[in-house]
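Enquirer: Those sequence lines, one after another, are chains H and A.
Residue 1347 in the numbering used here sits at position 246 of the first sequence, and the numbers go up by one each step.
Residue 318 in the numbering used here sits at position 299 of the second sequence, and the numbers go up by one each step.
Hints in this document: simulated from the structure, not taken from any laboratory.
On a predicted model such as this, the values are computed, not experimentally measured, just so you know.
Be aware that one or more of the hints could be misleading.
Calculated lysine-lysine pairs in the DSS-like style (CA-CA distance at most 25 Å, straight line) [unchecked claim]:
| no. | chain 1 | residue 1 | chain 2 | residue 2 |
| --- | --- | --- | --- | --- |
| 1 | H | K1104 | A | K23 |
| 2 | H | K1187 | H | K1236 |
| 3 | A | K23 | H | K1477 |
| 4 | H | K1374 | H | K1477 |
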Amino acid sequence: MRKIYLDHNATTPVHPEIREAIEPYLSEQFGNPSSIHWAGRDVRKEVEDARKEIASFFGCQPLEVVFTSSGTESDNLALKGVAFRKGNAGKHIVTSQVEHPAVMNSCRFLEAKGFRVTYVPVNRYGIVEPDSVRKALTPDTVLVSVMYANNETGSVMPIPEIGEIVRNAGVLMHTDAVQAAGKIPIDFAALPVDMLTFSGHKVNALKGAGGLVIRKGIELEALIHGGHQERGRRGGTENVVGIITMGKAFQLLRTGMEEEVAGIRRLRDKFEKGLFGRIPELVLNGHPTERLPNTVNISFRFVEGEAMLLNLDMMGIACSSGSACTSGSLEPSPILMAMGADPTDSQGALRFSLGLGNTEADVEYAIDAIETVVNKLRALSPLYPGAKEAKAR
Amino acid sequence: MRGKRILAAMSGGVDSSVAALLLQRQGWEVIGISMDLYDFSKVTKNREGTCCSLDDLYDARRVCDTLHIPYYVLNLRDEFRREVIDPFVREYSTGRTPNPCILCNEHLKFRALLRKADELGAEGVATGHYAVIRREPSGRCRLFAAPDESKDQSYFLFSLDSERLRRIHFPVGEMRKDEVRRIAEAAGLPVFEKRESQDICFVTDHSYTEFLNRSGIEEKEGQFLDRAGNVLGTHKGVLRFTVGQRKGLGIAAKEPLYVVAIDAEKNAIILGTEDETLSVSTRVGRFSFVSGISPAREFRATVKVRFRHPGADATVHMEGDHFRVVFDSPQRSVTPGQALVLYEGKEVLGGGWIECESASRS
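Please build the complete structure, drawing on both the sequences and the hints.
Expert: Spelled out as structure tokens, the structure:
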């Protein structure tokens, strides 16, 4: 069966160049970066080189980069680290209604610990408007956390504007840039943001490594206590191989992002145009232009996203729908709900996210398959006005 | 050549796991399915993170991994609330003792899942039930009790008609449990030693009253009455009682007292002697027949008035939108809200739901 992967916002395959580069670290280069001797030194150098590459990519200082296990851990560190350190100065946090569960559930945890959290709404494109953040700020606010781009819709938030407002109010600003990093230009030096979350496996590195850029001078409470790694901000022996692959990935992106993104955007646009041209009753979820170049989220009216997803899976096409809950079943997307989308339409929403390795032929095959599945399911749907015609075809 | 596709409903238990395995051996393209019916985290106290239902889904997934078949968890929470939980709560609050498992079979396993089968291009749905479907050359399907009487689940399946049975498969239906376990063990399925699950799945901490309280049904103290309306004492709420119950009444009397009826309107529990729990006949509504029609206006059948009831001979009188069952000898604890299932020998003819108070002998 032909397999086509259109779920790069979930995770990405490892870049072939990166796969080759890690071979030595799976064999002779095995040292612990904290060791004084040659074995540790060699590996320590690689970890620090990776830190430098990542700093160059984001436009920050190497020592502003703290390695963690994941985007989720980075978000936890940013939110809880600030809350625990600044809790005496104020007990109010501002975030949005469309954040990743890592931010959302950290906020819920902090609410249980006595913090107040304001979840600002989004407009119908899923974008947080700077004014709603301004209105949410109180004298008690210690942190604002708004994602750079949304994982489900790809909508890009006006982080420079929001950051400006937050900075002028003297409040710390965090952004989860896990989806944005590597897809749109980010210059931390010029950005009024104090902390920025990134992850390796969304940019063709290995799973298990992420990081938080923390502007110099900002102090956080550590969450993982142990050795002196990451200068005391995150204990535990480094995920050396993961960090090295992440360094390589951002190194490749620093020079090649523009070209790679242009190619992916062309494919995404072809895919989107193909679907809207051939299938009636589609709704685009998210902003038409202020959107990640690889993402398209579409509601297929009169069908359930779950049935679509499973049928496409059986045809070898991987995409995603809403959010999976603990059991692995699908729930209506809180993000589409927050955008004020029609609940029935949201049931039929699918996210396609393109990336390295996708081809024109993939896109064409996927459009055909999706059209077939939609027609089949609409023919079974009692709600679809054209059900009889679709059946007759 | 690729076999025809079928959905195997997987509970994570040994029966449905072996059902999936047997279908695969018969050449079907099997897709493992579990139903996500209920947010168990909301009803399970003091068991944070150890929700039994999630563990079952884990087992089902591991079995499908072993069989190298795809596995999906379908979200059917809305349907489950609408078709099973709400009626369960409603029935209880009207003094009946409902049977949610039959509703779940009727509306979820063999209606919602058949719809999913259509959507996924599958011929039908298979489960690990112990019951037998005979497919006649005419295309008509008949339903029979399992040969292993101790495992027979045909009582829970009476509402399926021939049309639906055509798309349903019970691969372990004619087997014995030890055989099923042996097959699971030989095939290396990780569930062969799992113990039976017995309780109603969504009442996770073994307490109906607590579940019902949480569902918004309040308990009010009420009175124990005898048939003549004399007050015998006070009870803590009608939810705690079922017809035929003897234990937990807390009433001292010369001869043992039993619950003979529940009057939800008056919030009263009617008590009587053992004799008074006997019914000579009962009225059954919302009935259906496997064949689609009743065998005759009046016919003989063996009836089961609850799961595990050994069966009683009776005459059935069709009376429009309900039927009346007249037992050859009076039956104990014929309980409103429970299903009454009609058999002819091993064959399930159909059944319905026991209505209001059954006619007692006195």
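Enquirer: Take a quick look at whether K1187/H and K1236/H sit within 25 Å of each other, Cα to Cα.
Expert: It holds: about 21 Å lies between the C-alpha atoms, which stays within 25 Å.
Enquirer: For the pair supplied as a hint, K23/A and K1477/H, confirm whether the alpha-carbon distance does not exceed 25 Å.
Expert: holds, 18 Å
Enquirer: Please work out if K1104/H and K23/A have their alpha carbons no farther apart than 25 Å.
Expert: Cα-Cα ~22 Å, so holds.
Enquirer: K1374/H and K1477/H were given as a pair; does the straight-line alpha-carbon distance stay at or below 25 Å?
Expert: holds, 21 Å
The structure shown violates none of the earlier numbered hints.
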